[in-house]
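Here the protein sequences line up with chains G and Z, keeping their order. All letters in the first sequence, in the order written, are residues 1 to 169 by the numbering used here. All letters in the second sequence, in the order written, are residues 1 to 169 by the numbering used here.
Check before you lean on any hint, since a few could be wrong.
Result set (DSSO-like, lysine-lysine): computed pairs, CA atoms no more than 30 angstroms apart in a straight line [as the list claims (entries may be wrong)]: (1) Z/Lys82 to G/Lys82; (2) G/Lys21 to Z/Lys21; (3) Z/Lys21 to G/Lys82.
Hints in this document: simulated from the structure, not taken from any laboratory.
Number of protein chains: 2
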Amino acid sequence: MSQEMLRYDRMVEAAKRGVVKQALREVLTRGGQLPGEHHFYITFRTDADGVELPDYLRAKYPTEMTIVLQYQFYDLTVDADKFGVTLSFGGVLRRLVIPYTTIITFADPSVNFVLQFQPDDAPDILVEEEEVEDEILPDADEPTAGDDESDDTPRTTGTVVALDAFRKK
Amino acid sequence: MSQEMLRYDRMVEAAKRGVVKQALREVLTRGGQLPGEHHFYITFRTDADGVELPDYLRAKYPTEMTIVLQYQFYDLTVDADKFGVTLSFGGVLRRLVIPYTTIITFADPSVNFVLQFQPDDAPDILVEEEEVEDEILPDADEPTAGDDESDDTPRTTGTVVALDAFRKK
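Bound-form chain G, shown alone (with noise of 0.2 angstroms):
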């Protein structure tokens, strides 16, 4: 035949990372603020085309990151094909830039929602469902900075949890 095949897994694959994109629009809607006791944890490549963050984040996780959006989480932007987000690190405040394919895992454990994903560039990565396991780098409330230092430092803290919270070994 000398048509191209429909690829449906591709098609589902896009569709899936528009579930990431509509999730994202929502806490916008919602003035950047995740509803109850929702939070998002978003594992993907550092090593993709168009990913942005910080080299010293790049070279302490040279493959893979997860974040977690909860409460300290800032200036989410939300395009059509990436996002982005400052996340306080060590108290420093980073912007990241996170592009949609990059995405391996998308997962909100409040409603133990789960959307695995085989980015474009690492075929070789496999990722199985299973529930979320709290393995997570636990400094997500740490106290604040505070709120009373000059206006482009806003209160912060954000969260890095390890790779393999989604990970079967």
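Since the structure of chain G is provided, determine the placement of chain Z on it from the hints.
Leaving out everything else, chain Z in the frame of chain G:
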């Protein structure tokens, strides 16, 4: 809590309907032809708002109906919220317009691809996932009416399949 929770179920449902739209769009990009052995079984609610089909077909299929798109379908249109297609029923061309929200099942048996939906207006309908069976009324490839008729009577023959093709009893 004051804010509405995130409805992942709806997001996923909408994303799946987006896959149907994408698959139909890919048919359009191929000149309205399905590549290879691909064929679409689409089951939809005949009693839902926005569905357009002849009265006699609605009388015959008062709740749902399945169409097959493979060789003989015409004038496929793919809009944001619905698609339209012209099929032959007993040698007579009929135009159908089907909103994506009325679709119960989309399947491409050539690759064992099935999407099941919960139509918005039919929360009591349960459709179980299973492999496509072959309880199909086989008139997809009956001889066409010929293409030597007037220009507004293109060569035809559509297919209607039993609605239980995808459903367990």
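Verification of the hints:
1. Distance restraint check for Z/Lys82 and G/Lys82: the Cα-Cα separation of roughly 28 angstroms lies within the 30 angstroms cut-off, and the hinted pair is therefore satisfied.
2. Taking the CA atoms of G/Lys21 and Z/Lys21, the gap is about 18 angstroms. The hint holds against a cut of 30 angstroms.
3. A threshold of 30 angstroms between alpha carbons decides the hint, and for Z/Lys21 with G/Lys82 the separation of about 22 angstroms falls inside it, so the pair holds.
Checked against the numbered hints listed earlier, the structure breaks none of them; every hint is satisfied.
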